[in-house]
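Engineer: This is what each chain is made of:
2 protein chains.
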Amino acid sequence: MSQFTVSQASGLDLKEQIKPDIQRVEEAMRQDLDTASDRLDDLLLEVLRYGLFNGGKRFRPLLTILAARLCGGDVPDIHRLAIAFEYLHVATLFHDDVIDNADTRRGRPALNRVYGTVAAILAGDFLHARSMAIVGERAGLEALKIFCQATGGMVDGEFLQLRNAANYDLSEEGYFAAITGKTALLIAATTEIGSLAGGATQEQRHAMRGYGSNLGCAFQIIDDLLDYLGDQQITGKPVGNDLAEGKMTLPLILAMNRAGKEDRQRLLQILKDEGLRKKSAGTVTEIISKYNGFSDTKKRAEQMICQAIAPLAIFSRETQRKDRLILEGLAQYVLTRNK
Amino acid sequence: MSQFTVSQASGLDLKEQIKPDIQRVEEAMRQDLDTASDRLDDLLLEVLRYGLFNGGKRFRPLLTILAARLCGGDVPDIHRLAIAFEYLHVATLFHDDVIDNADTRRGRPALNRVYGTVAAILAGDFLHARSMAIVGERAGLEALKIFCQATGGMVDGEFLQLRNAANYDLSEEGYFAAITGKTALLIAATTEIGSLAGGATQEQRHAMRGYGSNLGCAFQIIDDLLDYLGDQQITGKPVGNDLAEGKMTLPLILAMNRAGKEDRQRLLQILKDEGLRKKSAGTVTEIISKYNGFSDTKKRAEQMICQAIAPLAIFSRETQRKDRLILEGLAQYVLTRNK
Chain U
1 MSQFTVSQAS GLDLKEQIKP DIQRVEEAMR QDLDTASDRL DDLLLEVLRY GLFNGGKRFR
61 PLLTILAARL CGGDVPDIHR LAIAFEYLHV ATLFHDDVID NADTRRGRPA LNRVYGTVAA
121 ILAGDFLHAR SMAIVGERAG LEALKIFCQA TGGMVDGEFL QLRNAANYDL SEEGYFAAIT
181 GKTALLIAAT TEIGSLAGGA TQEQRHAMRG YGSNLGCAFQ IIDDLLDYLG DQQITGKPVG
241 NDLAEGKMTL PLILAMNRAG KEDRQRLLQI LKDEGLRKKS AGTVTEIISK YNGFSDTKKR
301 AEQMICQAIA PLAIFSRETQ RKDRLILEGL AQYVLTRNK
Chain X
1 MSQFTVSQAS GLDLKEQIKP DIQRVEEAMR QDLDTASDRL DDLLLEVLRY GLFNGGKRFR
61 PLLTILAARL CGGDVPDIHR LAIAFEYLHV ATLFHDDVID NADTRRGRPA LNRVYGTVAA
121 ILAGDFLHAR SMAIVGERAG LEALKIFCQA TGGMVDGEFL QLRNAANYDL SEEGYFAAIT
181 GKTALLIAAT TEIGSLAGGA TQEQRHAMRG YGSNLGCAFQ IIDDLLDYLG DQQITGKPVG
241 NDLAEGKMTL PLILAMNRAG KEDRQRLLQI LKDEGLRKKS AGTVTEIISK YNGFSDTKKR
301 AEQMICQAIA PLAIFSRETQ RKDRLILEGL AQYVLTRNK
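Chains as they are written, first to last, in my numbering: chain U, 1 to 339; chain X, 1 to 339.
What the hints contain is simulated information worked out from the structure, not anything from laboratory work.
All C-beta atoms in this analysis are idealised placements derived from N, C-alpha and C, irrespective of residue type, glycine included.
Fair warning: there could be bad hints in the mix.
Only some residues are given here: those of chain X computed to face chain U with a beta carbon under 8 Å [claimed, not checked]:
| no. | residue |
| --- | --- |
| 1 | ASP41 |
| 2 | HIS95 |
| 3 | ALA129 |
| 4 | ARG130 |
| 5 | LEU144 |
| 6 | ILE146 |
| 7 | GLU158 |
| 8 | PHE159 |
| 9 | LEU162 |
| 10 | ARG163 |
| 11 | ASN167 |
Restricting the straight-line Cα-Cα distance to at most 20 Å, the calculated cross-link-like pairs of lysine to aspartate or glutamate (EDC-like) are [unchecked claim]:
| no. | chain 1 | residue 1 | chain 2 | residue 2 |
| --- | --- | --- | --- | --- |
| 12 | U | LYS15 | U | ASP34 |
| 13 | U | LYS145 | X | GLU142 |
| 14 | X | LYS247 | X | ASP100 |
| 15 | U | LYS145 | X | ASP38 |
| 16 | X | LYS145 | U | ASP32 |
| 17 | X | LYS279 | X | ASP34 |
| 18 | U | LYS145 | X | ASP34 |
| 19 | U | LYS298 | U | GLU286 |
| 20 | U | LYS15 | U | ASP32 |
| 21 | U | LYS145 | X | ASP32 |
| 22 | X | LYS145 | U | ASP77 |
| 23 | U | LYS145 | X | ASP100 |
| 24 | U | LYS278 | U | ASP100 |
| 25 | U | LYS247 | U | GLU274 |
| 26 | U | LYS19 | U | ASP74 |
| 27 | U | LYS339 | U | ASP96 |
| 28 | X | LYS145 | U | ASP263 |
| 29 | U | LYS145 | X | ASP77 |
| 30 | U | LYS290 | U | GLU203 |
| 31 | X | LYS145 | U | GLU137 |
| 32 | X | LYS145 | U | ASP38 |
| 33 | U | LYS279 | U | ASP263 |
| 34 | X | LYS145 | U | GLU142 |
My request is simple: use the sequences and hints to build the entire structure.
Structural biologist: This is the structure:
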């Protein structure tokens with residue numbers, strides 16, 4: 001994976017490089033809420049601010065901005081478009097927290113705990129609507145269509161996951177279909193719409209969509225890996241959550257497919273019993289390790305990161321070098337992140 | 001209110017007149033779901049069909065169609081646009097039922113009871129996204145902007161109502177602000193976007209928006225009246241729900257403003273105690289009646305229906321007569337409906 005060493009060798013400090021854009025995203029969100037404050041209920045504003053400004057990485061808007069710049073140089077007001085992707089993402093977090101009855105989010109009490117379920121559902125609906133309005137207004141109908149396909153796909157992916165929940169023989173294909181809908185489609189929309197805003201050629205648009213789609217899948221795979229191997233102090237999320245819920249993610253799927261009769265029986269016994277699932281993280285982690293479930297999951301993510309980076313080769317001009325390196329660096333970050 | 005007698009005098013059978021359009025709306029929804037069935041999860045489709053095809057009146061899409069035809073004659077594919085308003089409406093019902101933890105909806109088990117909270121939230125999100133995609137695709141960006149303002153306003157109205165909940169001295173203005181956001185903005189968007197699809201002049205657009213806005217307010221006022229005076233067998237909703245939740249609606253607001261010291265104390269005592277609220281519907285209804293709270297609420301709705309109908313006067317051509325009479329008839333129906 002020689003691509004990764006490129007950005008490291010260039011001595012590019014990723015965090016410093018993306019800082020100005022992240023700050024402009026934060027500003028654009030604050031301005032958007034301030035402008036709306038005349039017509040919005042004070043409580044709604046308070047809820048939105050609580051939910052939006054909580055140290056989020058602003059990963060999605062950053063991708064929009066980079067894609068636009070890589071395809072079209074400096075695009076005026078691109079930050080004002082980019083916030084739509086953060087809004088939609090946060091809207092889904094609000095609803096996820098209601099669905100999961102979550103206690104915390106990024107180390108703070110979850111929105112639904114502070115303001116109640118009603119506020120969390122409604123504020124999610126508001127951000128959802130606002131995100132679409134922004135995409136339509138700033139990027140046009142073609143972009144809106146891509147955006148709506150992504151949101152529709154997200155719901156579809158969640159439903160697939162819902163149905164997959166009790167399917168302990170879930171195939172890798174079933175898993176990938178669910179994470180594509182749940183995560184990758186929106187990341188692909190983020191980079192594709194960014195490229196459209198930058199006036200991309202068909203080839204550029206295709207490359208940016210390919211980058212986003214593969215990056216999104218890798219992102220979710222690592223997320224699912226961290227659910228087993230992450231440090232709760234660092235991730236801010238409880239470990240073993242997916243197992244407790246009986247969710248079949250890639251490490252477990254690989255182990256189930258490869259396990260000998262005895263281990264397989266043991267896994268099934270645990271999976272079918274909610275009480276056992278909650279207290280068997282250690283045993284399950286051991287069995288998954290035994291069949292290389294974690295290391296091979298990591299490898300799949302690495303493959304997808306390679307596939308994400310490959311299409312960026314078309315951005316070969318010197319003026320594109322910096323933004324391309326940042327996109328490659330972000331892809332690398334997805335693999336190495338621990339939260 | 002001479003307007004009402006017009007449609008009655010014309011012998012126009014409202015139900016028969018609107019039947020073909022309602023049927024085309026049902027067809028358009030079925031087709032839209034069938035077309036999407038390749039890419040949608042089977043469970044999601046099942047949930048959507050359960051939630052969408054339940055004997056709904058299709059009031060909103062009908063308004064879009066009538067507004068379009070009144071302004072622009074026969075507009076091709078107007079039914080395919082109109083379903084967006086039913087989708088959004090049903091999306092809010094899904095989320096409302098989660099918020100209210102509802103048992104039934106239109107006499108059947110509520111969606112959240114049959115498929116669970118997760119499915120209800122997600123299916124609502126899906127319809128929300130799909131409705132915006134349809135409006136953007138079929139009516140353009142200007143229409144989408146109006147639509148998004150309406151959805152934003154709906155959330156805002158719900159938040160206002162949330163904050164109003166414990167305010168037993170809520171003013172009429174506060175009540176109207178909440179119902180405008182919660183209900184009237186979307187109905188106004190329905191008729192305004194319909195008029196745009198029909199290529200309306202500014203004057204026509206303004207008239208259609210005025211009709212929708214006033215009609216929407218009247219609709220909600222009557223809804224709030226039925227919550228006290230409706231017949232559960234007919235409405236399919238439990239009576240006294242608003243009171244049980246401590247929700248301040250117009251009949252109660254009027255009574256609170258007018259009540260003598262003793263009655264006011266009695267009302268406050270009931271309102272402040274959840275247990276009392278649930279078993280005091282009879283007492284509260286009596287006190288509201290004593291101060292003409294119900295009859296004056298009805299009068300306010302009648303006034304708004306007059307204001308809804310007045311701007312329709314500009315549609316004076318013979319070819320517009322039929323659709324105008326239907327709009328007037330629908331306005332009258334809002335006043336006389338018992339469910």
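Engineer: All hints, please: hold or fail.
Structural biologist: Here's how the hints hold up against the structure:
1. Interface restraint check for ASP41 of chain X: the shortest CB-CB distance to chain U comes to about 4 Å, inside 8 Å, so the restraint holds.
2. Hint status for HIS95 of chain X relative to chain U: holds, with the closest Cβ pair at about 5 Å, below 8 Å.
3. Given hint, ALA129 of chain X at the interface with chain U, holds; its Cβ is 4 Å from that chain's nearest Cβ, closer than 8 Å.
4. The interface hint given for ARG130 of chain X holds, since its Cβ lies 6 Å from the closest Cβ of chain U, which is under the 8 Å cut-off.
5. The criterion of a C-beta within 8 Å of any C-beta in chain U is met by LEU144 of chain X, whose closest approach is roughly 5 Å, and the hint holds.
6. Given hint, ILE146 of chain X at the interface with chain U, is violated; its Cβ is 10 Å from that chain's nearest Cβ, farther than 8 Å.
7. A hinted interface residue such as GLU158 of chain X counts as satisfied when its beta carbon comes closer than 8 Å to some beta carbon of chain U; here the least separation is about 5 Å, so the hint holds.
8. Because the beta carbon of PHE159 of chain X sits about 4 Å from the nearest beta carbon in chain U, less than 8 Å, this interface hint is met.
9. Interface hint at LEU162 of chain X: satisfied, since its Cβ lies 6 Å from the closest Cβ of chain U, which is below the 8 Å cut-off.
10. Using the Cβ-Cβ criterion of 8 Å, the hint placing ARG163 of chain X at the interface with chain U is satisfied: the shortest such distance is roughly 6 Å.
11. A least Cβ separation of about 13 Å between ASN167 of chain X and chain U goes past the 8 Å threshold, and the interface hint is therefore violated.
12. Distance restraint check for LYS15 of chain U and ASP34 of chain U: the Cα-Cα separation of roughly 28 Å exceeds the 20 Å cut-off, and the hinted pair is therefore not satisfied.
13. Of the pairs offered as hints, the one joining LYS145 of chain U and GLU142 of chain X holds, with about 15 Å between alpha carbons and a cut-off of 20 Å not exceeded.
14. Distance hint between LYS247 of chain X and ASP100 of chain X is fulfilled; the C-alpha atoms sit about 13 Å from each other, no more than 20 Å.
15. Note on LYS145 of chain U and ASP38 of chain X: the hinted pairing holds, with a Cα-Cα distance of about 18 Å set against a maximum of 20 Å.
16. Restraint check: the Cα-Cα separation between LYS145 of chain X and ASP32 of chain U comes to about 16 Å, which is no more than 20 Å; the hinted pair holds.
17. Distance hint between LYS279 of chain X and ASP34 of chain X is unfulfilled; the C-alpha atoms sit about 47 Å from each other, more than 20 Å.
18. Under the criterion of a C-alpha separation no larger than 20 Å, the hint pairing LYS145 of chain U with ASP34 of chain X is consistent with the structure, at around 19 Å.
19. Distance check on the hinted pair: LYS298 of chain U and GLU286 of chain U sit about 16 Å apart at the alpha-carbon level, within 20 Å; holds.
20. In summary, the hint linking LYS15 of chain U to ASP32 of chain U is not supported, as the alpha carbons are separated by about 25 Å, beyond the 20 Å threshold.
21. About 16 Å separates the Cα atoms of LYS145 of chain U and ASP32 of chain X, which keeps this hinted pair within 20 Å; it holds.
22. Note on LYS145 of chain X and ASP77 of chain U: the hinted pairing holds, with a Cα-Cα distance of about 19 Å set against a maximum of 20 Å.
23. At roughly 32 Å between alpha-carbon atoms, LYS145 of chain U and ASP100 of chain X are farther apart than 20 Å, so this suggested pair is violated.
24. Taken as a hint, the LYS278 of chain U and ASP100 of chain U pair is honoured in the structure, with Cα atoms around 15 Å apart against an allowance of 20 Å.
25. This hinted pair checks out: LYS247 of chain U and GLU274 of chain U have alpha carbons roughly 11 Å apart, not beyond 20 Å.
26. Of the pairs offered as hints, the one joining LYS19 of chain U and ASP74 of chain U holds, with about 17 Å between alpha carbons and a cut-off of 20 Å not exceeded.
27. Taking the CA atoms of LYS339 of chain U and ASP96 of chain U, the gap is near 18 Å; set against the 20 Å cutoff, the hint holds.
28. Pair hint LYS145 of chain X plus ASP263 of chain U does not hold up; C-alpha atoms about 57 Å apart against a cutoff of 20 Å.
29. A distance of roughly 19 Å separates the Cα atoms of LYS145 of chain U and ASP77 of chain X; the hinted pair therefore holds under the 20 Å criterion.
30. A C-alpha spacing of about 43 Å is found between LYS290 of chain U and GLU203 of chain U, which places the hinted pair above 20 Å, so the restraint is violated.
31. With a CA separation close to 8 Å, the supplied pair LYS145 of chain X and GLU137 of chain U stays within the 20 Å bound.
32. The straight-line distance between the Cα atoms of LYS145 of chain X and ASP38 of chain U is roughly 18 Å, inside the 20 Å bound, and the hint therefore holds.
33. Taking the CA atoms of LYS279 of chain U and ASP263 of chain U, the gap is about 17 Å. The hint holds against a cut of 20 Å.
34. Taken as a hint, the LYS145 of chain X and GLU142 of chain U pair is honoured in the structure, with Cα atoms around 15 Å apart against an allowance of 20 Å.
Consistency note: the structure conflicts with the earlier hints numbered 6, 11, 12, 17, 20, 23, 28, 30.
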